[in-house]
Amino acid sequence: MRTPFFKSRSILPGFWPAFAFSTLYLGLIVLLPLSAIFLKTATTTWAHFWSVVSSPSVLASYRLSFGAAFLAALVNAVFGFLVAWVLVRYQFPGKRFVDALVDLPFALPTAVAGIALTTLYAENGWIGRLLAPLGIRVAFTPLGVLVALIFIGLPFVVRSVQPVLQDADREIEDAAASLGASRWQTFTRVVFPLVRPALLAGFAMAFARALGEYGSVVFISGNLPMRTEVTPLLIVTRLEQYDYTGATAIALVMLVASFVLLLGINIVQWRTRRFSETS
Amino acid sequence: MAHPAILGDQLSEPARRDSRREPAALRWSLTLAALGFLALFVALPLLVVFSQALQKGLAVYWAAIREPDALAAIRLTLLAAAIAVPLNLVFGLAAAWAIAKFQFRGKNVLVTLIDLPFAVSPVIAGLIFVLMFGAQGWLGPWLGRHDLEIIFAVPGIVLATVFVTFPFVARELIPLMQAQGTEEEQAALVLGAGAWQLFRRITLPNVKWSLLYGAILCTARAMGEFGAVSVVSGHIRGQTNTMPLHVEILYNEYNFAAAFAVASLLALLALVTLGVKRILEWRIRQLHRDIAALAEAGEA
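Chain order of the listed sequences is A and B.
Everything in the first sequence is counted per numbering that gives the first Met the number 0, starting at 0 for the first residue and increasing by one.
Everything in the second sequence is counted per numbering that gives the first Met the number 0, starting at 0 for the first residue and increasing by one.
Hints are computed from structural coordinates only; laboratory data are not their basis.
Some hints could be false.
To be verified - Here are the simulated BS3-like pairs of lysine-lysine, each with C-alpha atoms no more than 30 angstroms apart in a straight line:
#1 A:LYS6 x B:LYS276
#2 B:LYS106 x B:LYS207
#3 B:LYS276 x B:LYS106
#4 B:LYS55 x B:LYS207
#5 B:LYS276 x B:LYS100
#6 A:LYS6 x B:LYS100
#7 A:LYS94 x B:LYS106
#8 B:LYS106 x A:LYS6
#9 B:LYS276 x B:LYS207
#10 A:LYS94 x B:LYS100
Small disclaimer: the values here were computed from a predicted structure and weren't measured.
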């Protein structure tokens, strides 16, 4: 049969209406508005664009946003893996409730998370009160930003690693043990390599989400100039001053960073799929 | 895949159990560490919302929720969700029908583009609509001449909400409909079903749990969105404030009890979402198991 240029033959009805509607809707709601960022930037000069995206306060915000997002994703990779491991491998009372609770950061509005974390970690808060005598301040410091980003990124790693651990063939571990491997060797040489791609994907998703986060961060960071301003906040600040060009320039930098990350996640997932298909 | 099982069978029962398990002390400390982390980062923030909301008593709580500006915020939040969710539901069904049931060029590109709103910072999601419809935006002058307001008004809030909740339904439906294949629909067509009958009697019942699942996630996000809505709202009390924006204003005015009272409604919504999500996940897992069993029976 001749392979058609665009669409294979099918007896099912409704391809064209469904395809036309979904691409039109995608174009109008997502692609056209997003293109505004690129077109708006194209109307400014390179020199102006560069002076905005490399001004000291913006550079400080990149350092904080990228640094805190990276650290938060790292903490989530470690503890998210631990949580997934415990949920899959061990039995304890209330396990189903705990499992459901892991998704809370997905479901809880970010503004609510923001004010709750700020109240917890303020100097008179439940946790802040315990940390204050040790000289540790969390609310209104970069540490507070880190705490908020750990909160919102947590489910990504757990939900990415958990199904892989669940499907892992336990008999491979028996085989490793019967060949003389210690439990630690079995873990590092057999189990961990199996989960690594999922862990990496979860890490990247948590990182990408943390990079653009606004709602939970603005409350706990205190928004001190040069110290605790994240990049999304600077976009909002410029908008409030009606500096659309400046806001758009910073947005473009963030957008490109997100797209690069998204591409990376897709490549990792694509390679994982190829790996599992060939094995 | 069969040979590791043979090796496993040769181990004596206690040795086999040991090979699969860590020592009890390690097991318990890992469990405690995981639960401690979750208690610190997830359970405590949730508890603090309710404790702060009720700290000044039920009377203050009720007053904060029934105050006119709070009611207006609740109404606007429900309105935005009531428009955004059905729109994205229809889109999700259309996109999943085209993507899962037909073969065409550029399908992978389309699937990637659908996920795009998840990769964009909420603040940027708001900004793009300001660039299009704001006073200095592309359509700003035209809208101004015709006395139409989108930015700093309700339509802008709805648009931003539609954008951030765009992928939820489609990304739940596509994998399920792909797994289900086209055989049932083809059989129905051969038996003389029309397009509408086909959709209503075959496709829709087959995907209803995933559809509901996507709609629930979509609703939760629509009602809780902060960043995108904050950029386009203009924060006019009683008019363009959604519930999360109302929480922000109250909090910044140091009216903590009221802020947490409204926040507790959103937290309750999140808890209900988690509960319903659990039940639906269980249903959908069963659906996938049925599909796998059918496929296996077909091969045999």
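Violations among the numbered hints: 1, 4, 7 and 10
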